[in-house]
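Asker: In case you want the letters, here they are:
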Amino acid sequence: MSRPMETLFEASRAGRVGYALPPLDVPGVDCGEALQGACRENAPRLPEMAEVDVIRHFTGLSRMNYSVDEGFYPLGSCTMKYNPKINEAAARMPGFSRIHPLQPEETVQGALELMYILSDMLAEITGMDAVTLQPAAGAHGEQTGLMMIKAWHESRGDTKRTKIIVPDSAHGTNPASASVTGFDAVEVASDEEGMVDLEALRALMDDTVAGLMLTNPNTLGIFEKHILELTETVHRGGGLVYYDGANANAIMGKARPGDMGFDVLHLNLHKTFSTPHGGGGPGSGAVGVKAELEPFLPAPVIVKKGYRFGLERLKDRPRSIGRVRSFFGNFGVLVRAYTYIRTLGAAGIVEASEMAVLNANYLAKKLSSLYPLAHKGWCMHEFVLNGGPLKHETGVSSLDVAKALIDAGYHPPTVYFPLIVPEALMVEPTETESRETLDRFAEAMEAIAAKARKEGPEAFHDLPVTTPVSRPDETTAARNPILRWQFDENS
Amino acid sequence: MSRYIPATAEERRRMLEYLGADSMDTLFSGIPEKVRQKNPPRLPDPLSEPEMVRDLRVLAGRNRNADDLPCFLGAGVYDHFIPAAVDSIVSRGEFTTSYTPYQPEVAQGTLQSIFQYQTMVCELTGMEISNASMYDGATAAAEAAVLAASSTKRKKILWGRNVNPQTREVLKTYCWSRNLEFGELPAENGRIDHAALEKMLAGGDTAALVVQSPNFFGNIEDLKTLGEAVHGAGGLFIVSTDLLALGILEAPGKLGADIVVGDGQSVGNPMNFGGPAFGFIAVNKPLMRKMPGRICGQTVDGKGRRTFVLTLQAREQHIRREKATSNICSNQNLCIVAASVYLSLMGPGGLRETGEQILAKTAYTVDQLEKTGKFRRAFNGVPSFRETVLLCDEPVADLNRRLLDAGIIGGYELEPEYPRLKNGWLVAVTENRTKEEIDRLAAVAGGDA
Amino acid sequence: MTKIPQDLRYTRDHEWIRIDGASGVMGITDYAQHAMGDIVYVELPEVGRQVKAGEDFIVVESVKGANDVFSPVSGKVAEVNEDLDGAPELLNEDPYANWLVKLEPSDPKEMDSLLDPAAYAKLVEELEAENE
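One line per chain: the protein sequences are A, B and C, in this order.
Residues 738 to 1228 (the numbering used here) make up the first sequence, in order.
Residues 2 to 450 (the numbering used here) make up the second sequence, in order.
Residues 135 to 266 (the numbering used here) make up the third sequence, in order.
Honestly, the hints are just simulated from the structure, not real lab data.
Just so it is clear, the structure is predicted and the values come from calculations on it, not from any experiment.
The beta-carbon is built from N, C-alpha and C at its ideal position, and this holds for glycine as well.
Hints are supplied without guarantee of correctness; some may be wrong.
Said to hold, decoys possible - Derived DMTMM-like pairs: lysine to aspartate or glutamate, alpha-carbon spacing no greater than 20 Å straight-line:
| # | chain 1 | residue 1 | chain 2 | residue 2 |
| --- | --- | --- | --- | --- |
| 1 | C | Lys198 | A | Glu1211 |
| 2 | A | Lys1103 | B | Asp23 |
| 3 | B | Lys375 | B | Glu354 |
| 4 | C | Lys198 | A | Asp905 |
| 5 | B | Lys39 | A | Asp866 |
| 6 | B | Lys304 | A | Glu1211 |
| 7 | A | Lys897 | A | Asp866 |
| 8 | B | Lys324 | C | Asp202 |
| 9 | B | Lys154 | C | Asp190 |
| 10 | A | Lys1041 | A | Asp866 |
| 11 | A | Lys1113 | B | Asp23 |
| 12 | B | Lys154 | C | Glu189 |
| 13 | B | Lys156 | A | Asp921 |
| 14 | A | Lys1128 | C | Glu262 |
| 15 | B | Lys39 | A | Glu778 |
| 16 | B | Lys286 | C | Asp147 |
| 17 | B | Lys154 | C | Glu180 |
| 18 | B | Lys291 | C | Glu177 |
| 19 | A | Lys1128 | C | Glu264 |
| 20 | B | Lys324 | C | Glu262 |
| 21 | B | Lys173 | A | Asp1053 |
| 22 | A | Lys1102 | B | Glu182 |
| 23 | A | Lys1113 | B | Asp26 |
| 24 | B | Lys304 | A | Asp943 |
| 25 | B | Lys35 | A | Asp996 |
| 26 | A | Lys1103 | B | Glu18 |
| 27 | B | Lys291 | C | Asp202 |
| 28 | B | Lys35 | A | Glu861 |
| 29 | B | Lys154 | A | Glu1180 |
| 30 | A | Lys1191 | A | Glu1180 |
| 31 | A | Lys1113 | B | Glu18 |
| 32 | B | Lys324 | C | Glu177 |
| 33 | A | Lys1052 | B | Glu418 |
| 34 | A | Lys1052 | B | Glu185 |
| 35 | B | Lys255 | A | Glu778 |
| 36 | B | Lys286 | C | Glu264 |
What the hints assert, rightly or not - So these bits of chain C aren't anywhere near chain A, every CB distance computed over 12 Å:
| # | residue |
| --- | --- |
| 37 | Ile138 |
| 38 | Asp172 |
| 39 | Glu195 |
| 40 | Lys198 |
So here's chain A without its partners, still in its complex pose (with noise of 0.2 Å):
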């Protein structure tokens, strides 16, 4: 790893270019004249650097991220599956990348057909009836998915329906979601296990009830086992239920959110389909419905008509929420999945789920004599640790211990989620790692524990040692916030 940075704006150096265009071979026109007036003033202060310059800025920045091509990265509930190369090459074939969402249909034909054929996968893998690709993000699936809900229920004439349940595990994402389509998020709690309590969402489901929001397995990395009372729970009180599908990693070939009550759900491509999260995006939320829910689909639709792939737009979908994003969603990112479930297949897609699983209760099992687990008897493709016990004892926290793993050379599981474990350390191996990456985390963290006995919580507070910077000064940071990079003004 490398050390801080100067910025971009430190580096530049006026006068210096990173660019070239060929000569204008037509007349040129004066700016001023052609704009009336529209005309910048002042130029913006953008970086002047040559082009190695600014490669080597940028490969300098790029050594200070860790990354999945460079190690283990068990962060809970997010699926930080390796990411195939030829994902990659796909998405920048010309025939992909350099192609107009407006362009006539009979132009993208491949285009269309591949959106075609990777909703029907989905649907396939999910057991729903349709899918949208249009939403750019999950928690955009989520807003997507309840506005067909919310869509729905008001096209049946039911608009007392203002509440949306969702479980206190839940990721902060579904109560938000929730509000921001015009509902109000109610919790119910879950019980010992970690399990949604049934007789309290029983106690809670009334005819205000517009649905309730659910990830299975949920976030302490268990499958529900009461999933077909909960989900018949909603609909005999008149509502519809929600597949948070950031957990899909789990359960590919095992089980269907459809075939266990779902009416809507959102995959994250990101997550399980295995295209790169880019350091916070772009991503993709797939949105699955069953056919009831199937008329208020955002638009267009794709369609298949005879040989052709065509769109239903807008106006011919009176029953649509409408749009939810311009042209057809994150498209670079679908072919990304497409390219994975074809590599896959049917074989390759159990067999993810089946590896991820079967890595998880193998390094749940390893950790569990050092922290207690918040679940008991198997788990699926994650688990929590509870750190509360350490912490107890010596003082030394899980953020501590986060802060240890990242000098030991891995990325820090999920910490202080789900928030009804305490100190929570949220595992998520996935399938791609090998048992020895998994035998050496969990000598790390053997290793980390052992320290945290003998040396105490003061051995931890200035770590990581081995990264540009240590810990942030994060409330400097929010009580004077600088957002941007400050020019001096008398340069």
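Since chain A is already given, all that's left is putting chains B and C on it; use the hints.
Answerer: For chains B and C alone, coordinates are given in the frame of chain A:
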């Protein structure tokens, strides 16, 4: 066995043995019998890499792309020059395969990139604060409208009919789901009709006016006057624009904008059939804590070294849950890295030169088309950038078909969305179009070829 | 040791209030500021706003999260503490000297349902024991 999974059959067996499980199925015994899947999914057979490449080539080959056909289509997505250095950087696994920078010590590369991107957006838009990016320009406009409604505690959003139809459709969807009202303003000579605006503002209940400039027709709006009008009525002024255009156009922040949004595809991102690229949103200090999405800030570490970190997170969904300003979690991070590399290579001079070339080439294209006698400008005396509306002698669908037969992607057909623009054709000319391509366009369009 | 001044009334949500005739002044308790950690921003209500007892009307942001502050009594917001703008750390330094808002209570009887210092001290004691 999948080539993405290291574990051999023997290793799997031994791992199961370590767990005391008889088989894989044992591990899945927590799934109730009734919902357990009996048959594998019906998917095509696995493909080796050479087979996969063949399949992809067949699909890609069924698309006609801008490497082979000069593209005069715009309407929100543009064929601009992208230096090779951009893809070289965004192909690096350290950027591609890392997660959201929640562990700042191992994500300074991403964080510093975001901070620099935020600075560049502020410089281009003339605003004080940018976030780390949005899904696209359309959702950025919709989130801005929601922000304005919550900040003014009013419910009505106005926008022009000459805002990109994709953006208008997304605005409508978000307004419906958030229980907001909206109104659409007619255009007069291709720009917002001021008289109609004054009338709609008179109710005093407008939360925000959304203006696009350059608008969907390519025309540059009189932002200053529009901003004064909406401010006079107590609403916020949202300007939707384009980062590449701002290399040459005055910054909306200097013309009264309260929120500046737009799509960033034009700076360093391929057309990608419409995505991914990114949206941007920028505000001034009073709206800072209501801004959706993640924001990166500068601070110091324990040793006093400059450090970047995600900040103002109390607004966000993972902390604020149902009270968050928005449910957005991700940013289009890799796309803003591309934009940052592009903007660093081009610099202020490169953006300016690109803008000037576009002005010159657009003017030349319109001249050549007018000379055929079959085209005339729809709007007169109005400045425009990159796109122009021409009225044709023949239906645009026929014209575009002839162009396609001649190997040219023609402009956007306006009449279905704007019936008053009969045979209206929206032609986009970027710096990538050559004189020879433009001459060929005019020859075919004019019927001489 | 958590400070609990004897001349104030308290809520179970860790707000304090002092009434002087027709006007009240309120803030968050020492326990609250300690639990929140480093406070980074305070979102104060508009002067003139009518609030009900128990209504959330202030947000105190810390690095850890955003915390709703509830009004101990019903009434009108008469004044907000503008010193906190740009210096939110004052709440960490002394949450009693640094009040949040002044209120004009509309129903003096509501004061009777608030905790006296002894009752609040007992609540804090219980909470601290739980966190041990």
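Asker: Out of the numbered hints, which ones does the structure contradict?
Answerer: 3, 7, 15, 16, 20, 22, 24, 29, 36, 38, 39, 40
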